[in-house]
Structures are given as structure tokens and as C-alpha cells.
Amino acid sequence: MTPDELHAIALSLGIAAAATAIDLPVALLLGTWFARHRSTAIVLVEALVMAPLVLPPVVTGYGLLLLFGPRGLGLPVAFTPAAAVLASAVVALPLFVRGVRHAVEGVDTTLVEAARSLGASPWAAWRRVVLPLALPGVLGGAVLAFARAVGEFGATAVFAGSIAGRTRTVPLAIYGALQQVDDGGTAWRLSLAAVGLSLLGAVAAELIARRRT
Amino acid sequence: MTLRFALQLPDRGLDAAAEVPPGVTGLLGANGAGKSSLLHALAGLLPHRGTIELGNTPLHDQPPEARGVGLVFQDLRLFPHLDVRGNVAFGAPGPIDDVMARFHLAALSHRPVTSLSGGQKQRVALARAWARRPSWLLLDEPTSALAPDARRALFADLREALHEAALPCLLVTHRPEDLLALTDRLLVLHGGALHPAAPLHGARPHEVVEARRAGVAMVWPVDADGCVPGTRLPLVLPPRPEGATHVTVRPEDVILATPPHGPTSARNALDGTVSAIVPAGSERLVQVDAGAMVTASLTERAIEELQLRPGAQVRAWIKTTALRWV
Numbered sequence: 068m069t070p071d072e073l074h075a076i077a078l079s080l081g082i083a084a085a086a087t088a089i090d091l092p093v094a095l096l097l098g099t100w101f102a103r104h105r106s107t108a109i110v111l112v113e114a115l116v117m118a119p120l121v122l123p124p125v126v127t128g129y130g131l132l133l134l135f136g137p138r139g140l141g142l143p144v145a146f147t148p149a150a151a152v153l154a155s156a157v158v159a160l161p162l163f164v165r166g167v168r169h170a171v172e173g174v175d176t177t178l179v180e181a182a183r184s185l186g187a188s189p190w191a192a193w194r195r196v197v198l199p200l201a202l203p204g205v206l207g208g209a210v211l212a213f214a215r216a217v218g219e220f221g222a223t224a225v226f227a228g229s230i231a232g233r234t235r236t237v238p239l240a241i242y243g244a245l246q247q248v249d250d251g252g253t254a255w256r257l258s259l260a261a262v263g264l265s266l267l268g269a270v271a272a273e274l275i276a277r278r279r280t
Numbered sequence: 002m003t004l005r006f007a008l009q010l011p012d013r014g015l016d017a018a019a020e021v022p023p024g025v026t027g028l029l030g031a032n033g034a035g036k037s038s039l040l041h042a043l044a045g046l047l048p049h050r051g052t053i054e055l056g057n058t059p060l061h062d063q064p065p066e067a068r069g070v071g072l073v074f075q076d077l078r079l080f081p082h083l084d085v086r087g088n089v090a091f092g093a094p095g096p097i098d099d100v101m102a103r104f105h106l107a108a109l110s111h112r113p114v115t116s117l118s119g120g121q122k123q124r125v126a127l128a129r130a131w132a133r134r135p136s137w138l139l140l141d142e143p144t145s146a147l148a149p150d151a152r153r154a155l156f157a158d159l160r161e162a163l164h165e166a167a168l169p170c171l172l173v174t175h176r177p178e179d180l181l182a183l184t185d186r187l188l189v190l191h192g193g194a195l196h197p198a199a200p201l202h203g204a205r206p207h208e209v210v211e212a213r214r215a216g217v218a219m220v221w222p223v224d225a226d227g228c229v230p231g232t233r234l235p236l237v238l239p240p241r242p243e244g245a246t247h248v249t250v251r252p253e254d255v256i257l258a259t260p261p262h263g264p265t266s267a268r269n270a271l272d273g274t275v276s277a278i279v280p281a282g283s284e285r286l287v288q289v290d291a292g293a294m295v296t297a298s299l300t301e302r303a304i305e306e307l308q309l310r311p312g313a314q315v316r317a318w319i320k321t322t323a324l325r326w327v
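Each protein sequence line maps, in turn, to chains A and B.
Using our numbering, you'd call the opening residue of the first sequence number 68 and step up by one each time.
Using our numbering, you'd call the opening residue of the second sequence number 2 and step up by one each time.
The reader is advised that the hints may include incorrect statements.
[Stated by the list, open to error] Pairs of lysine to any residue, SDA-like flavour, derived with a Cα cap of 20 Å:
no., chain 1, residue 1, chain 2, residue 2
1, B, K122, A, L178
2, B, K122, A, T177
3, B, K320, B, P242
4, B, K122, B, A167
5, B, K122, A, D175
6, B, K320, B, D226
[Unchecked claim] According to the in silico footprint, chain A covers these stretches of chain B (three or more CB under 8 Å from chain A):
no., region
7, 70-78
8, 251-257
Calculated from the structure, these hints are not laboratory results.
Backbone N, C-alpha and C define an ideal beta-carbon position, used for all residues, glycine too.
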């Protein structure tokens, strides 16, 4: 593999890791909230958070571009590595939230009552009872989110572009290579690397899911 | 310190008020009477109206974690991700070795709670509530799932712990043995309200009024001559098992008759005066002061036909086979 290809792989992993790390607290918060409360407002928030799951990623990227652009927040984020992280985080979040939500729903609320009666505040009960019992589901959600972030293409292409060494992740590098008449085998090698990484992720998710039961 | 409460749970039809002094107060009531709901409301786990005070401290506006209660749930609710020690230590403000020893859990310290027997789990639940150093206790059938031997062993520990702590304690139970072994006084939850009933043990005669299906109504100590203290006649009793000191009888097994009295097949006749008639669902509980308090469950129609009212002279008949030793 060429240094550029290795760099694309490292960049992909780094961006996906950063996106997953950003998503973690958000997913824990929203997943718990969605699992334990029902109201019209929550359904609307949930629809918004889940939207990237069904929207074409290109549309999500365009949305981010507008949001951070001069007529939105006006922050100079677009076409930077931060934009690639943000795009991956937004697209991966629904999978993470869903994993947390299912895991929290599986925790018996009567155990939370027991914790409260033993002097635990709602936060302490969540930290000491809900989180440890939901942990396998949370990890499963994290693995899925990470895998989704590694494979992210559309939103990243629109919001972060394909700048070599800065935002050109593996999928973007493969796409770029395929545009050339002769890419010297880059597309082939990176595709193999992507397949290998995906398989690793799938195996990890499966192992965690099995440990849960 | 005494626990005082006056609670309303409108959607459960409860409007219950009582004082619980230090010591063990038994809480009786039929299935579905709302005993568990009342306990959960007291602990702050169910929304309620009204007041709860421990001594002079109001608790009703406090969240559950600030009520200082030691609550043992009927379904135990042990934390499956923690071992025995982790469960007991969950709410403990300090070391728990004395609590582990008291409830004989030291040898089980690092066992996962999911691997324990029913009796061991119950010990863990009690120890966990105890270890948080509660100011008052709510025990919801803490011995329900135990074999007789295990129950007696747990009682010994529980009785000692409760005696030492001298905290207000409400104990829900269905078993007359539990009441005899542990309680100092009784409350009956019936028709959504709490009714005090006379205390249980000691050498004096006592009566117990309770919701019928709770399984026991009268618990009488019986002396060596087969007499219930306060009554003159020895009872004709079934053979006394080893160690039994009290007999119980259900109110539906008591027959009341007004003079003139003819012969009957029932062996035990207790003459007395009607002291009270209280509604109990579709029936009425008639209390008769016959030296010992006798409670009979009668239909309204029977009460009309016998013209029973407080002060009426009656004879209570009890079949020998309806008396049970405990």
C-alpha cells in the first residue's frame, strides 16, 4: 500500500473514533430519554435524530453545509477534518441511540426504584444500575455507530469534501481512484481493507450481542 | 421516633392514616387490599397526597432517596450485576462487615446473587435494606418464599436486629407465625383504610381483627390447662403439637347464637357481649367480649335476624376442628 492509502485508512479510523466518542454521551442521554419517556415533543426530537437513517446521506451533508454556512451558524467548519467527524457523527448517531434505547428499555425499572429507596439519586441510580445493566447494548450500539462512520461517504463528500490527508477517508479515496483511468490498484487495495475492517466490526458486534444473552 | 402518616392514593382507593411507634407493626389485609401500594407510597415510589412524618421531620415532600427508609420488596429486586457484597453495600454509608455477619452472608460475599437460593436472596434483601442504616423500615412479606426451617432461622436474626434497632417498622405478612414471632401490634388494611387491631403477643388475651382472607383472625395464647387467659372454661382443643403455644381461628368458623341455647355439636361455647360490629366487604365482623375477644364473620341478614347490636348477650360456638395450633 502507498503512504497515501495507509493515511486514508488511518484518517478513516481516526474520524470514525472521534465521531463515535462525540456520539457516546449524546446517545446515552437521548437513548435513556427515549426509553423512559413518551410525549409528542420527544417523538418529534426522536424523528429528527433518526432522520439520517432514512435520508440520503448527501441530503444530510447538504443540511450540515447550510447549517454551518454563512446563512446559518456561520462557523468555518466545512471542508475541514472537523466537518468529516461531524458528518460521520450525525449519520452514525441514530444507530447508537437505537442501541442504547433498546438496552435501557431492557433494564427493569423496579431495580431503579430499589436503588432510589437505598438512597441513590436518579443520576446515581442511572450510573450504578441502568448503565452497567445496559452496557452490552451500549457497546453494541457503539460498534455499529463506529462501523457506520467508517463507511460514511455521502454526507462527508458534501460537507467535508475530499481533501487528501485532511478529509479523504477510505470511501472517498476509493471513489476518487475509480475516477482515474489507471489508479495503480488503489481502489482494489482500499476496498479489501474496508471489507476486512467491516468484518472485524461485524464480528465484534456479534460477540457483544452474544455476551448479552 | 414515631412514624405518622395520612396518605391518599385516589386511583387505588386508599385513604390510610396511622401511627407506627418504634417496634414492629404488622400490616394485614386481603390480597389486592393495597398493602404493597401503601408501602411503595410511603417510600416515595408511588405518587400520593397527604403527609408522612418521622418524629417531627416531614418526609412526604422528599424524593425516595431522602426518606431514609429501609425497604424490603416483596419481589426482592436484587441487583443482578452485583455480587452479594455489592448488593448489601449499595446504600451503605460505611463498612458492612457487621451486617454481612448478622445476616450470615459473609461466606457468600462474592457469589453472584442470581446463583442464590430463595432464602439466601431474602437474606441479601434484608441485609441490603439494613446496611443503609435506615431510620424506619418497610418489610413487604420478607419471609414469603422460605421453607419453615429457613424462616425460623431468619426470624431469629430479624427479631434480634429489629429489637436492637427500635425503629418504626411496618411488616406485611400473611402468616400467623410471622405475626406471633415478630409483631408488637397490628394494622388491618381494609376497604382502603387502616384499622388498628389489638397487639398480639404477651401473656394477656388479645384479639385480632383482620381482613378475612389474610388467613387468621384470632390468635390466643393457651395455658397449660387449655384455657385462653380471661376465659373461664378450658377449650376442647385438637392435640397440642410440640412447642405450640397459641391457637388461631378464623372469623368465618365462629358461630354466634342468642338465648335460649339448645345443644349443638360444637364443643367450645364462650358466653359474652357484643362489643362492636364492623363492615368487612359484603359481610360484617362481630366482636364479642367473652373474656378473650372473639370475632365472628356474619352476613348482614344473620345479624338482623339475631338482632345483634353492641351490648347484646351472645354465645360464640367454635368447633374443635376449627382451632389450629401455632
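Exercise for review: Run the structure past the numbered hints and jot down the numbers of the failing ones, going up.
Suggested key: The structure breaks hints 4, 8; every other hint is satisfied.
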